[in-house]
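Trainee: Please construct the entire structure, taking both the sequences and the accompanying hints into account.
Sequences listed follow chains W and X, in order. Residue 257 in numbering that gives the first Met the number 0 sits at position 258 of the first sequence, and the numbers go up by one each step. Residue 279 in numbering that gives the first Met the number 0 sits at position 280 of the second sequence, and the numbers go up by one each step.
Mixed in with the good hints, there may be bad ones.
Said to hold, decoys possible - Listed below are several chain X residues computed to face chain W (Cβ distance under 7 Å; list not exhaustive):
| no. | residue |
| --- | --- |
| 1 | Ile-12 |
| 2 | Leu-13 |
| 3 | Gln-22 |
| 4 | Gly-32 |
| 5 | Glu-37 |
| 6 | Ser-39 |
| 7 | Gly-74 |
| 8 | Leu-110 |
| 9 | Gln-191 |
| 10 | Met-219 |
| 11 | Cys-237 |
| 12 | Phe-238 |
Think of the hints as simulated: they come from the structure by calculation, not from any bench. Virtual Cβ for every residue (Gly too), placed ideally from N, Cα, C.
Number of protein chains: 2
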Amino acid sequence: MAKKYNFYAGPAILPQEVMKKAQEELLDFNGIGLSIMEISHRSKDFESVINAAETKIRTLLGVPENFAVMFLQGGASLQFGMLPMNLLIGKKADYVHTGEWAKKAIKEAKLFGTVNIAGSSEDKNFSYIPENLTFSPDARYVHVTSNETIGGIQFSKFPDTGNVPLIIDMSSDIFSRKIDFKNIGMIYAGAQKNIGPAGVTLVIMRNDLIEACTEGLTTMLSYKTHAKEKSMYNTPPCFAIYIIKLVMEWIEGLGGLAAIEEINEKKAKALYDAIDNSGGYYKGTANVSDRSRMNVTFRLPSEELEEKFINEAKKVGFIGLKGHRSVGGCRASIYNAMGLDGVLALTQFMENFAKENK
Amino acid sequence: MAKKYNFYAGPAILPQEVMKKAQEELLDFNGIGLSIMEISHRSKDFESVINAAETKIRTLLGVPENFAVMFLQGGASLQFGMLPMNLLIGKKADYVHTGEWAKKAIKEAKLFGTVNIAGSSEDKNFSYIPENLTFSPDARYVHVTSNETIGGIQFSKFPDTGNVPLIIDMSSDIFSRKIDFKNIGMIYAGAQKNIGPAGVTLVIMRNDLIEACTEGLTTMLSYKTHAKEKSMYNTPPCFAIYIIKLVMEWIEGLGGLAAIEEINEKKAKALYDAIDNSGGYYKGTANVSDRSRMNVTFRLPSEELEEKFINEAKKVGFIGLKGHRSVGGCRASIYNAMGLDGVLALTQFMENFAKENK
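Mentor: Next comes the structure, spelled out in structure tokens:
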């Protein structure tokens, strides 16, 4: 069959090399005669997988030694509640409101403490990243959403929060670019966009914050448990962690985060150029300087043409180009595993479509 | 390589047919040119998988219509806390204490409400299922652990709790036998022993209990959320749910739960017969009438012989026979996917070992 390009906002495609390796090893991991899914999480074979995944994450991302790396479950959506449950009870935190994901994080935080909205782009339908943030001097932490998949906006640079820990939901752009851990207290990310399949959440948290977590929480909801037990308090999502390890090896092979970041810049530039050079046929919806390199959102001259565009694209193998129902239009999600070839194929299609549908 | 038999307490082996099918489809699901791991959970292809998984679970298990079927994350360990958080705050519940898993459930419940220990087998190191339970008239629910993997004991029949909902942790024996839903308010199970890989938890809950859940919980920890959104409030663990669907098809192919139960009875009988007919060389540790059909625990004449037994077994392909560190001895876990052939191969080995090591 013809090659398909998946531009869905997530779960996203995974690198072909990773999928092929997973397929090869699916019935017999490491020559043990069993699948990685079929062995004890306490076996040395699985322990070497989770340890390698952690080591590679630390090396590729440059995680400082005073941070724990945890593999949890429940997605970023569980983190929206678990974070304030652990750090916010009876305290105040600053949240930057940039769209649907930030909104969900804010809603859950309000159940546990006081939330100060340090900045918001709600006035313009979340089409930009707010500057001039108003931080509270007594904030326990500052929370930002690194990339908003619906509005297609992304922090190009994180705010300087001084001594207040910066906590970042990086679900949709982790491992797509280098990170400076200077202000960071914690980052978290559901795996299913850039680093693995759905079913595992990566949490990287500074030790002093872990130590300060609320006492008396139910065991599975305390970061202390997972940091102390190195994600093995109970059976972790073994297969998903194994895939993360393979994805990390794939990133290593490409040349690490600097190389991935360069490729992602090229991909985003190609797509935004196709929009900007279309003589107004395609219109980007995000503020130019805040454009996401992961989710490229754009409109066509009419809703009818958008529908036609999405349908014709699908016929030739470009799937998932429909914008989120809350904003409409079109969206191409171009996470790590989407190659420049896929993006260039799409830009070619866009050019042809514009010519044929003036 | 020689065939391996995995007798680990979990994650356990999966049916070979399931693993082969998963391997075949791993790069191209349903002819769509993408893996089931690489598509949106809102796509019709994944929706048909999760819907089929639910339908098959309902049919095979005979789930009454007034129950919701949910695919959650975090394992039974998260349920130990999530259950009392939803149903026990400020109330009382009865728990039957049968071993390590019941103990963990009790510990978490005490964080939220009053726990009455309705019965316990702690006096004899959890080697039996207590009878003569003392229920509280005002209990919100009665909680039991269907099968204890460490002690190797199992409820052959669940207590009659009258109008009080019975809640059962079936992590280690779900889909191994038929269930009568008469008293049941909820059952839950981590998937990784009998129905799938680690990373998904099956929760089946009566609608009136869902409606009565605590208000104001963080969204992901409320059963109401997952029942209302049909496990799709956020991205579910898609691949693990897909494997559950394949396992359900495998059970259908065998003839359903009655057929599986019969096979499991045969497997357990063969293994316990090998123990009981060894002239005292092997000694079962569980009370005979409470013996588990899933985890067969036994001792040899000395710890030295146990060590030798475990090592020699490993050399010829029987892995995971070491008992849990808290009780020592040996344990053979024989979940659904372990065939009678594997059990008979083990009994043959046991017979030979006993002869050669008098």
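Trainee: Run every hint past the structure and note whether it holds.
Mentor: Hints, verified against the model:
At its closest, the beta carbon of Ile-12/X sits 5 Å from a beta carbon of chain W; the interface hint therefore holds under the 7 Å criterion. At about 6 Å, the closest approach between the beta carbon of Leu-13/X and any beta carbon in chain W falls short of 7 Å, and the interface hint on this residue holds. Taking 7 Å as the C-beta contact cut-off toward chain W, the hint placing Gln-22/X at the interface holds, the least distance being around 4 Å. A hinted interface residue such as Gly-32/X counts as satisfied when its beta carbon comes closer than 7 Å to some beta carbon of chain W; here the least separation is about 4 Å, so the hint holds.
The criterion of a C-beta within 7 Å of any C-beta in chain W is met by Glu-37/X, whose closest approach is roughly 5 Å, and the hint holds. With a cut of 7 Å, the hint placing Ser-39/X at the interface with chain W holds, because the nearest CB-to-CB distance is about 4 Å. Here the hint on Gly-74/X is kept, as its CB sits about 5 Å from the closest CB of chain W, short of 7 Å. Taken as an interface hint, Leu-110/X checks out: its beta carbon lies about 6 Å from the nearest beta carbon of chain W, inside 7 Å.
With a least beta-carbon distance of about 6 Å to chain W, the hint placing Gln-191/X at the interface is held under the 7 Å criterion. Annotation: Met-219/X was flagged as interfacial toward chain W, and the flag holds, the nearest CB pair being 4 Å apart, inside 7 Å. Among the interface hints, the one on Cys-237/X holds; its C-beta lies about 5 Å from the nearest C-beta in chain W, closer than the 7 Å criterion. About 5 Å separates the beta-carbon of Phe-238/X from the nearest beta-carbon of chain W, less than 7 Å, and the hint is met.
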